[in-house]
Amino acid sequence: MLHQYRLRWWTFAVIAAVALLILVPFAWMVATALMTPGQTLLVPPKVIPNPATLDGARGVFDRIPYLTLLGNTVVASIGRVIGTLVICTLAAYALAVIKVPGARVILVTVLALIMVPGDIFIVPNFAIISAFGLTDTLVALFLPSIFDVFGVFLLYQFFRGIPRELVEAARMDGASHLRILTTIVAPIARGGLITLAILTVLSEWKELLWPIVVNRSIDKLTLGPGIALLRGSYTTDYNVLMSAGVLAALPMIVIFLILQKRFIASVARSGLK
Amino acid sequence: MTNVTLRRTAGVEEGLRRPVVRRKPGRRDARIGFLFLLPLFAGLLVFRFYGFGYNVWLSFNKAGAFGRARFTGLENYERLFSDSQLRISLVNTFKFTAIVVPGVVVVALLCATLMQYKFRGQSAFRAIVFLPAVCLPTAAILLFGWLFQTRYGLVNAVIQAVGGSSVSWFGSSAGVTVVITVIVVFLSFSVPTIILYAGMQEIPSDIYESATLDGAGPVRRYFSLTLPLLSPSLFFVILTTTISTLKLFDVAYVLLPPEQSASVNYGLTAVYYYYQLAFLNVGDRGYASAVSLLLFVLILAVSIVLFRLQRRFVHYGEDG
Chain A
22 MLHQYRLRWW TFAVIAAVAL LILVPFAWMV ATALMTPGQT LLVPPKVIPN PATLDGARGV
82 FDRIPYLTLL GNTVVASIGR VIGTLVICTL AAYALAVIKV PGARVILVTV LALIMVPGDI
142 FIVPNFAIIS AFGLTDTLVA LFLPSIFDVF GVFLLYQFFR GIPRELVEAA RMDGASHLRI
202 LTTIVAPIAR GGLITLAILT VLSEWKELLW PIVVNRSIDK LTLGPGIALL RGSYTTDYNV
262 LMSAGVLAAL PMIVIFLILQ KRFIASVARS GLK
Chain B
17 MTNVTLRRTA GVEEGLRRPV VRRKPGRRDA RIGFLFLLPL FAGLLVFRFY GFGYNVWLSF
77 NKAGAFGRAR FTGLENYERL FSDSQLRISL VNTFKFTAIV VPGVVVVALL CATLMQYKFR
137 GQSAFRAIVF LPAVCLPTAA ILLFGWLFQT RYGLVNAVIQ AVGGSSVSWF GSSAGVTVVI
197 TVIVVFLSFS VPTIILYAGM QEIPSDIYES ATLDGAGPVR RYFSLTLPLL SPSLFFVILT
257 TTISTLKLFD VAYVLLPPEQ SASVNYGLTA VYYYYQLAFL NVGDRGYASA VSLLLFVLIL
317 AVSIVLFRLQ RRFVHYGEDG
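From first to last, the protein sequence lines are chains A and B.
Heads up, the first sequence is in the numbering used here, so the first residue is 22 and it goes up one at a time.
Heads up, the second sequence is in the numbering used here, so the first residue is 17 and it goes up one at a time.
Careful, some of the hints might be misleading.
Listed below are the simulated DSS-like cross-link pairs for lysine-lysine, each with C-alpha atoms no more than 27 Å apart in a straight line [to be verified]:
no.	chain 1	residue 1	chain 2	residue 2
1	B	LYS111	A	LYS227
2	B	LYS263	B	LYS78
3	A	LYS241	B	LYS134
4	B	LYS263	B	LYS111
5	A	LYS227	A	LYS241
6	B	LYS134	A	LYS282
7	A	LYS282	A	LYS227
8	A	LYS227	B	LYS78
One-sided and incomplete, this derived list gives chain A residues near chain B with beta-carbon spacing under 8 Å [as the list claims (entries may be wrong)]:
no.	residue
9	VAL51
10	THR53
11	LEU62
12	LEU159
13	VAL160
14	VAL173
15	PHE174
16	GLY245
17	ILE285
Because the hints were derived from the structure by calculation, they are not lab data.
Cβ coordinates follow ideal geometry from the N, Cα and C atoms, glycine included.
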């Protein structure tokens with residue numbers, strides 16, 4: 022634990038100022054979302070929407086298929102989490118518990134791939150996905166990202182700490198590796214799996230470039246790129262734009278407020294040394 | 017706690033019995049191990065290795081969205097040197113990175129330090145600091161676009177209220193740079209804050225006590241103890257923020273749609289330019305591939321430079 026400083030009034034003032042600087046933009050988003058178009062175009066702006074209206078939200082539902090986008094986001098996130106967890110768990114088990122011959126070399130390759138910015142190559146990834154005939158599908162959204170070398174390394178670190186005796190004993194009893202993985206290793210390393218799941222969901226949530234490249238029809242997009250389509254064509258309707266922002270940002274904020282501790286612990290663990 | 021002791025004793029026992037117990041995986045075990053690695057290998061082979069090879073091959077060709085690629089030798093690479101749009105996008109990208117990374121480090125250090133204090137509402141403050149990390153980036157970018165709107169935006173209203181004159185944020189390179197860097201710092205300081213906060217928690221408090229006894233004041237303690245002992249976390253934060261800002265796309269794309277040709281160059285990033293080359297209009301995928309390879313090399317080079325600097329400046333504890 023770090024030495025606790027005494028809290029002076031000006032420290033508290035800084036804390037309050039930082040909190041306000043973060044919250045004011047969000048408050049302004051909500052306020053604008055509840056205005057009429059006319060109210061958004063006042064100089065100087067009025068801060069409180071009066072009368073408050075849900076016209077903006079109605080405008081969102083008229084212009085983009087919000088529920089489809091939300092559903093797609095959920096499906097893509099779940100698909101990506103399951104795919105990532107399965108692939109990374111299997112690989113990390115082979116490297117950390119079975120210790121296949123050449124595990125060191127494989128691990129070094131994995132570490133090197135983490136450092137290499139391979140994810141910028143959207144042109145070949147698009148070519149591969151079209152060769153599979155998967156463009157404009159939900160699978161295309163997450164397929165390239167489930168082979169997650171970072172996840173392999175993260176789980177490897179968790180699996181490495183599992184006492185060898187447990188695995189050996191289960192082997193003596195004739196348990197298969199898949200059984201050991203699901204009944205011994207995965208429960209012990211639960212924290213690692215949850216961490217990887219949360220980091221994966223957050224990363225899918227932020228995707229923008231890949232979805233707009235691989236899926237052209239709006240029915241197959243996720244929330245981020247979906248509401249990005251509202252910009253430009255409806256620039257004057259800021260109440261609609263901000264309603265879309267609120268509606269799109271809300272699901273993850275609610276999940277975060279419920280699972281706050283897990284989110285923060287996961288992110289703290291992502292800082293590998 | 018029990019877990020740790022368990023692991024420790026296990027280690028000791030293993031050490032004592034090592035020559036007898038330590039066994040290599042049998043052939044059957046190894047076969048199952050490789051079976052477990054197969055999905056990962058297959059995916060990496062297709063998306064990383066084949067993809068990279070295909071990208072290199074494509075960079076020597078003229079290829080659009082339709083039709084066959086035509087071999088053109090080094091033509092695409094020659095074009096890299098004469099492409100003024102590419103130069104603009106690279107200058108912008110490095111400019112944004114040069115501003116964003118120090119900005120993120122300073123804001124994250126400030127917030128992480130504030131989180132060390134004990135006060136009422138501490139956990140609420142932690143949640144607020146983390147909020148930008150879970151906010152949908154597109155929503156936040158649209159929101160800031162609205163805040164910085166020239167005629168009706170809140171920022172200009174505040175500037176006018178305190179007696180300044182309103183700024184045309186999207187009308188100049190400097191204005192766009194301010195808007196983009198504010199958004200990127202806002203969207204990316206939360207995770208570094210948590211990482212630095214976790215790093216500060218690991219610093220043992222007896223170091224501070226002995227420093228205080230030696231007469232070091234709070235400022236001295238912060239700069240001579242906290243920051244050096246935090247340098248591994250700081251390095252990690254700088255590295256990841258640098259790489260992600262060099263790949264910046266979403267802010268430029270949402271804020272400056274390709275149709276708004278007037279101000280788009282002020283915020284054109286390298287990845288945004290790459291996207292435009294490859295996927296707007298007919299697509300110039302051969303040249304786009306050459307651009308992406310250049311960007312790939314640049315990001316790799318920056319990472320290597322940072323790792324070199326790390327050896328000189330980062331202080332790892334005796335046990336780390």
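Hint check against the structure, violated hint numbers in rising order | Violated hints (numbers, rising): 3, 8, 9, 12, 13 and 15; every other hint is consistent with the structure.
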